[in-house]
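There are 2 protein chains.
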Amino acid sequence: MRPRVVIAGAGFSGLWAAKTLANQPVDVILVDRNNYHTFLPLLYQVAAAELEPEDIAYPVRSILRRFKNVRFVLAEINRIDLDKRTVFSDEYAITYDYLILATGSSTQFFGTPGAAENSFQLKTLEQGITLRNHILQCFELASRNIDDDKRQQMLTFTIVGGGPTGVEFAGALAELIHGPLRKDYPAIDFDYVKVVIVEAANSVLLSFPKILRDYALDRLYRMKVNVMLETIVDKVTPDTVHFKDKNILPTQTVVWTAGICADPVAKTWGLPTARNGLLMVLPTLEVQGRDEVSVIGDLSSMEEARRQLPMTAPVAVQQGAHAAKNIIRKLRGTQTTPFVYKDRGAMVTIGRNTAVALVSKRAFKGFFAWILWLIVHLINLIGFRNRLMVVINWTMDYLLFERAIRLILPLRAFQARKKKQT
Amino acid sequence: MRPRVVIAGAGFSGLWAAKTLANQPVDVILVDRNNYHTFLPLLYQVAAAELEPEDIAYPVRSILRRFKNVRFVLAEINRIDLDKRTVFSDEYAITYDYLILATGSSTQFFGTPGAAENSFQLKTLEQGITLRNHILQCFELASRNIDDDKRQQMLTFTIVGGGPTGVEFAGALAELIHGPLRKDYPAIDFDYVKVVIVEAANSVLLSFPKILRDYALDRLYRMKVNVMLETIVDKVTPDTVHFKDKNILPTQTVVWTAGICADPVAKTWGLPTARNGLLMVLPTLEVQGRDEVSVIGDLSSMEEARRQLPMTAPVAVQQGAHAAKNIIRKLRGTQTTPFVYKDRGAMVTIGRNTAVALVSKRAFKGFFAWILWLIVHLINLIGFRNRLMVVINWTMDYLLFERAIRLILPLRAFQARKKKQT
Chain A
1 MRPRVVIAGA GFSGLWAAKT LANQPVDVIL VDRNNYHTFL PLLYQVAAAE
51 LEPEDIAYPV RSILRRFKNV RFVLAEINRI DLDKRTVFSD EYAITYDYLI
101 LATGSSTQFF GTPGAAENSF QLKTLEQGIT LRNHILQCFE LASRNIDDDK
151 RQQMLTFTIV GGGPTGVEFA GALAELIHGP LRKDYPAIDF DYVKVVIVEA
201 ANSVLLSFPK ILRDYALDRL YRMKVNVMLE TIVDKVTPDT VHFKDKNILP
251 TQTVVWTAGI CADPVAKTWG LPTARNGLLM VLPTLEVQGR DEVSVIGDLS
301 SMEEARRQLP MTAPVAVQQG AHAAKNIIRK LRGTQTTPFV YKDRGAMVTI
351 GRNTAVALVS KRAFKGFFAW ILWLIVHLIN LIGFRNRLMV VINWTMDYLL
401 FERAIRLILP LRAFQARKKK QT
Chain B
1 MRPRVVIAGA GFSGLWAAKT LANQPVDVIL VDRNNYHTFL PLLYQVAAAE
51 LEPEDIAYPV RSILRRFKNV RFVLAEINRI DLDKRTVFSD EYAITYDYLI
101 LATGSSTQFF GTPGAAENSF QLKTLEQGIT LRNHILQCFE LASRNIDDDK
151 RQQMLTFTIV GGGPTGVEFA GALAELIHGP LRKDYPAIDF DYVKVVIVEA
201 ANSVLLSFPK ILRDYALDRL YRMKVNVMLE TIVDKVTPDT VHFKDKNILP
251 TQTVVWTAGI CADPVAKTWG LPTARNGLLM VLPTLEVQGR DEVSVIGDLS
301 SMEEARRQLP MTAPVAVQQG AHAAKNIIRK LRGTQTTPFV YKDRGAMVTI
351 GRNTAVALVS KRAFKGFFAW ILWLIVHLIN LIGFRNRLMV VINWTMDYLL
401 FERAIRLILP LRAFQARKKK QT
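As you go down the protein sequences, you meet chains A and B in turn.
Using the working numbering, the letters of the first sequence map in sequence onto residues 1 to 422.
Using the working numbering, the letters of the second sequence map in sequence onto residues 1 to 422.
Isolated chain A (complex conformation):
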């Protein structure tokens, strides 16, 4: 019997762990609640009707097909018996010799009243589609004969958090609105439309140097995105956001991109936790005292030189490969090694021809950074077809100022939302 490695989660970290263990002397079972892997760095473009959901998702079984020792199981892990080395879903009990936990993160609302109930999120493909449907529906509703206050509310889109996700989504949304939607809704006065970023700090994109932060602020301003700095959200209701300074913004759409925490279920697993419910690991990515369990990706908390690693795809990919290699090392009886993040940089796109990039500590902005962003994201997308589709959608968007994917679908989601609002 070859030892069995169970990997929970088919995101970047789990998938790369599985790939690294392919054709090694282990049996691998990769478990995910979806039958597809989602390329989350482009999720905001699904929400902004720029890409089709299928463009950024890829069936896990197709990826694993060529690895004879890796099996896929569609299930959601909800319980772990660490002593019996068994993970459980509603349908399954799967025993393991080694366990890699890679179930990712959830949105953190910091206990803000009403935020969880009344905000949209951008963490899963479904949330992306739901947000897209909602935005398009707001324009349909605003094109009706309703009073001005209501119209203002419908056409105010509030994004909480000025990090990469918030900035990228705000830019893509502004381009959607002031491009295709302006042409589609001649009856709407677009002076009513507001895209607002609410950020608690004194700038957006805090992890970037000042020159890039200022560039981003300037560009967002030109794209008619209203950036409210040093502003803290106190409460969210179905049609308003209340701020600490007692101001109230009437808005039907709040997209919460401000915080990240572990999925609450992770707390119940009896593993040592860190801030935000993340699972604490040793530098080898193993859990202290349970060295058959590793935690990688967004779910894992590891201090490297007293600095929390960013929750990004590159970190996840590198950790996935590293955790897998450490298991191979243990099987061979050699020493496990600590994880060291190779930071190749970070980049954020704001709009057409407009991005910021930090590569080996050098700052780039504008067209060059934007091209770099395009290339890096295309290369990292999985699947030739997905790359081709994304290139086509981006090209049509770029040349024609057009977005083809403006369907309010599925109807069920649309109706549920409608009931909630009226």
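No wet-lab data here; the hints were simulated from the structure.
Remember, predicted model here, so these are calculated numbers, not experimental data.
Keep in mind that the hints are not guaranteed to be accurate.
Identical chains blur together in the list; that is why a pair holds if it fits in one copy or across any two.
[Said to hold, decoys possible] When the alpha-carbon atoms are kept at most 27 angstroms apart in a straight line, the in silico DSSO-like pairs for lysine-lysine are as follows:
1) K19 to K183
2) K342 to K244
3) K150 to K224
4) K183 to K68
5) K244 to K224
6) K150 to K210
7) K224 to K210
8) K330 to K84
9) K330 to K123
10) K194 to K330
For this one, chain A is given, so just place chain B on it according to the hints.
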């Protein structure tokens, strides 16, 4: 004030009516419950995971953008006051001078017990996605450790009706299963898989000549599609189909393509009805005694030389244009003319390189008919992007025997179904 034409339904007939009235001296309001037009002839390919939903749908507002006298309203017409010349939705009351009804058809279950509750349908984009999710999920469930009877049930796909939709879907499904899915599920014994067409008559594709019907039967047989002729469905349960001859087929999936009727709401409008609740019209497509109301497309029943016209896109498109022209004629004070269907033929694709076509009463089969089918469908798709995407998906499918779109999405639909089954 220019006269106002209200068109209910943005399918083929309604959309072509709107296009024909563009830039004419009328104000047009096109009403649909979806914000997109669906290219229904390719819907079965969405259900067979061959095309993305977005490939066969197009935002109505984008089509209408260049017509200054046509407005779109997202709403579902549920009541008509013929005397006050007003249509109503939950939110709107819209008055008209001329009304064109083009709300299409629903599935007819002929009162078969359990059929409506336990069958999948192929009439809307949402139904296509739901069916795709369900099929993929059946394979996920069948790959689990379940007993043989259950597995047999999961892997039996029953299509009721051997008309064009039933045959095209059966062929596409068989190719999906015996191509990509066979590679994805090494743990499943594919001898368990059955694709079954149930047809009450003694052949499939009754509207085609015998040589083409026989060809289709032979091809379906070679593609491992089981065709049960002269077989009548008596009852459908969540996991079986019962036949008149007392036989029972264990099956988790019943796709009902056998019959068509008007949406039940049409009955309440107080207009003369024909068989299956369709609305009876004069040869001019106007309603007798209400010549300001026309009915077109699947919803309309018109006997041309004692023959009911087929419910196809070409009939709908021609009727849409004709009804619009008759309104223009009335405005000009000239005589309305009767509708005459220009029958350019019909075609059905069965699988790769395999189709039947009837063009000007000449029968074609095999590769030539298949190429013809491809070209005709591509030309008639709306939007350059959609054509391009369809060509890419078809090409990858053809060359690589691969289907990229195998996502079980959205999760909500998946979970609802799961609960029902267990």
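Structure-based check of all given hints:
1. For the identical chains of this complex, K19 and K183 are inter-copy neighbours only, at 18 angstroms across copies versus 46 angstroms inside a copy, given an alpha-carbon limit of 27 angstroms.
2. Taking identical chains as interchangeable, the C-alpha atoms of K342 and K244 are never at most 27 angstroms apart, the minima being 39 angstroms within one chain and 69 angstroms between chains.
3. Proximity of K150 and K224 under a CA criterion of 27 angstroms is satisfied intra-copy only: 21 angstroms inside one chain copy versus 58 angstroms between copies.
4. Proximity of K183 and K68 under a CA criterion of 27 angstroms is satisfied inter-copy only: 12 angstroms between copies versus 52 angstroms inside one chain copy.
5. Taking identical chains as interchangeable, the C-alpha atoms of K244 and K224 lie at most 27 angstroms apart only when both belong to the same chain, with a minimum of 24 angstroms there against 67 angstroms between chains.
6. Taking identical chains as interchangeable, the C-alpha atoms of K150 and K210 are never at most 27 angstroms apart, the minima being 38 angstroms within one chain and 62 angstroms between chains.
7. In this assembly of identical chains, K224 and K210 lie within 27 angstroms of each other by CA distance solely inside one copy; the values are 21 angstroms within and 65 angstroms between copies.
8. In this assembly of identical chains, the alpha carbons of K330 and K84 lie at most 27 angstroms apart only when taken from the same copy (20 angstroms versus 82 angstroms across copies).
9. In this assembly of identical chains, the alpha carbons of K330 and K123 never lie at most 27 angstroms apart, being 34 angstroms within a copy and 56 angstroms across copies at closest.
10. Proximity of K194 to K330 under the C-alpha cut-off of 27 angstroms is found in neither arrangement, the shortest distances being 56 angstroms within a copy and 46 angstroms between copies.
Checked against the numbered hints above, the structure breaks hints 2, 6, 9 and 10 and satisfies the rest.
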